[in-house]
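Below are the chains, spelled out letter by letter.
2 protein chains.
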Amino acid sequence: MPELRRDPIHGGWVIISTERSRRPSDFAPEERKTIGGFCPLCEGNEDRTPPEVFAFRENGTPPNSPGWSLRVVPNKFPALRIEGQLNREGEGMYDKMNGIGAHEVVIETPRHFETLSTLPLKAVEHVLLAYRERIIDLRRDPRLRYVMVFKNYGVSAGASLEHSHSQIIALPIVPTRVREEIEGAKNYFDYKDRCVYCDILRQELRDRRRVVYENQGFVSLTPFASRFPFETWILPKLHQSSFELMDVSLFPLAAEALSDTLQRLKGVLEDPPYNYILHTSSSPEEDRDHYHWHFEIMPKLTKVAGFEWGTGFYINPTPPEEAAEYLREAK
Amino acid sequence: MPELRRDPIHGGWVIISTERSRRPSDFAPEERKTIGGFCPLCEGNEDRTPPEVFAFRENGTPPNSPGWSLRVVPNKFPALRIEGQLNREGEGMYDKMNGIGAHEVVIETPRHFETLSTLPLKAVEHVLLAYRERIIDLRRDPRLRYVMVFKNYGVSAGASLEHSHSQIIALPIVPTRVREEIEGAKNYFDYKDRCVYCDILRQELRDRRRVVYENQGFVSLTPFASRFPFETWILPKLHQSSFELMDVSLFPLAAEALSDTLQRLKGVLEDPPYNYILHTSSSPEEDRDHYHWHFEIMPKLTKVAGFEWGTGFYINPTPPEEAAEYLREAK
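In order, the protein sequences belong to chains L and C.
Per numbering that gives the first Met the number 0, numbering of the first sequence is gapless, rising by one per residue and ending at 330.
Per numbering that gives the first Met the number 0, numbering of the second sequence is gapless, rising by one per residue and ending at 330.
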């Protein structure tokens with residue numbers, strides 16, 4: 000069973016993954032690792048993944064058989080396990096709990112060589128709708144406090160499978176960075192009686208220098224204090240604390256914003272590795288006024304080194320105004 | 000002039016490095032980057048760095064000439080600049096200041112192919128004494144609030160020069176992660192009237208499972224909630240908030256602990272890339288009781304992906320007890 004351990008100083012939690020414990024010889028230098036060979040995520044190989052928990056399928060095709068356009072399956076090597084009671088205990092001065100949670104893979108397409116930026120808009124919309132379904136379902140489990148949706152694209156962004164996919168991890172705690180962001184937004188609201196993200200949208204749409212793309216429902220922009228070159232956020236214009244509360248009628252516009260932004264990044268940066276993370280509320284009711292869900296996309300262009308690890312203080316060599324200009328002109 | 004910008008939500012600062020602005024074509028894929036060729040840090044090339052601010056030299060050799068065993072020079076491409084007044088201003092809802100600060104390079108040896116783990120103990124002690132000198136000097140500047148000492152070893156840990164060196168960045172703000180760590184330690188002290196790091200030392204020295212190395216003055220251990228495989232901390236046994244306050248008589252023991260620990264990591268992990276960061280107090284007097292300086296060494300073995308960025312929540316595939324066992328048996 001994986002174990003969750005709490006740092007006694009700053010209070011952040013770590014998953015210690017005992018089951019897939021890696022010995023020194025398992026950390027091969029990067030060059031030796033290759034992606035390729037048999038793909039368990041391709042159509043026809045449904046028996047090589049755990050049974051699906053959600054899918055978009057042609058009418059009449061049974062689960063775990065061909066005929067799907069998107070599948071969600073449990074991760075075969077999960078960081079956390081869904082079975083069992085949540086046990087919290089101490090170990091001297093330290094705090095730990097067993098690794099209860101969910102770890103799922105969203106297989107975005109049955110075809111091996113498609114990517115999120117080349118998929119038709121309808122397929123991107125299905126990816127977003129799958130996120131929604133899984134968040135709503137996982138939030139019903141009272142042991143779980145936060146559902147994190149993210150995508151690693153490219154080996155150097157951490158993807159271990161080439162086939163286009165995203166991941167969902169449901170956690171028994173609210174992670175520190177998520178809590179800090181929501182608290183930061185709350186402090187701003189307490190002081191100004193306005194949502195900080197709504198204020199950002201207003202200022203950026205007036206200023207335009209950092210706006211990359213806009214449609215009726217969504218805006219892509221490079222944030223004022225971008226930590227990474229070409230970091231890009233996608234925000235809904237309508238204030239809403241939680242992604243899964245978004246009206247279904249807005250999903251086509253969200254898909255268009257995500258697809259268009261990823262295509263621009265791909266064009267300007269020659270298909271860069273990237274990570275994106277869905278930032279959404281941990282308790283939609285409580286955070287209703289002050290939090291505003293959004294996507295953060297981080298192309299992996301620079302190496303994050305000691306300085307950044309130690310301080311949370313980033314050095315970004317590309318001003319976001321310049322990045323936005325490149326991205327506006329792309330396509 | 001580089002610019003410091005504050006994230007309006009969580010309050011962290013970012014350096015936007017306008018002067019060495021990088022365009023899309025500057026982010027070449029990793030394979031194309033090579034280290035090699037002319038080295039500006041080697042003995043004999045003193046004119047290729049900015050003038051030294053500190054050095055250990057043979058008696059009688061003039062500054063910026065051969066005859067040194069260690070030099071500290073300003074970074075030729077600094078992330079921050081020391082000249083000028085600190086100007087803080089707003090830009091609509093955003094906060095920024097100009098990039099005042101210092102960015103220095105500690106050249107640890109005159110010889111190109113030596114590393115910190117192969118240097119004689121006396122040379123390692125000199126590296127630590129150089130950190131001390133520079134911290135004491137930089138702390139005299141009232142514009143600067145924090146001095147960060149760190150080392151990137153190996154290309155994938157962010158080193159852009161092969162020649163053995165560390166870096167020092169002095170900042171006009173206390174970075175968020177540093178503040179959080181010090182506040183975490185303060186909360187623990189307020190509750191228990193004991194230093195959290197002293198408590199960790201007591202529990203770990205009794206338990207021994209995570210202890211890697213020990214001498215009269217220092218302990219190396221893999222922390223209970225290790226974020227990374229083989230993450231290793233070096234702590235002084237004597238409680239002290241700030242590195243630069245350490246008695247000079249303890250420097251040989253500190254050098255031995257650092258050298259020994261790096262040699263063990265090198266032996267077990269085949270000369271891994273790593274980052275280390277000196278964690279020390281931002282205001283030694285104020286933090287006297289609750290903060291305890293230490294080194295954190297993080298071998299760069301896994302890729303930090305979207306999940307970690309989004310949450311500050313790490314998945315570590317090697318339990319620290321196992322890592323410590325490998326490291327104890329090494330050498």
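Treat the hints as calculated values from the structure; they're not laboratory data.
None of the values given here were measured: they were computed from a predicted structure.
Mixed in with the good hints there might be a few duds.
Mimicking DSSO-like on lysine-lysine, the simulated pairs with C-alpha atoms at most 30 Å apart in a straight line are [to be verified]:
#, chain 1, residue 1, chain 2, residue 2
1, C, K330, C, K265
2, C, K121, L, K265
3, L, K191, L, K95
4, C, K185, L, K185
5, C, K95, L, K185
6, C, K185, C, K95
7, L, K95, C, K185
8, C, K302, L, K265
9, C, K95, L, K191
10, L, K95, C, K95
11, C, K191, L, K75
12, C, K191, C, K236
13, L, K95, L, K236
14, C, K191, L, K302
15, L, K95, C, K121
16, L, K265, L, K185
17, C, K265, C, K121
Non-conforming hints, listed in increasing numerical order: Hints 2, 3, 10, 11, 13, 14, 15 and 16 not satisfied by this model.
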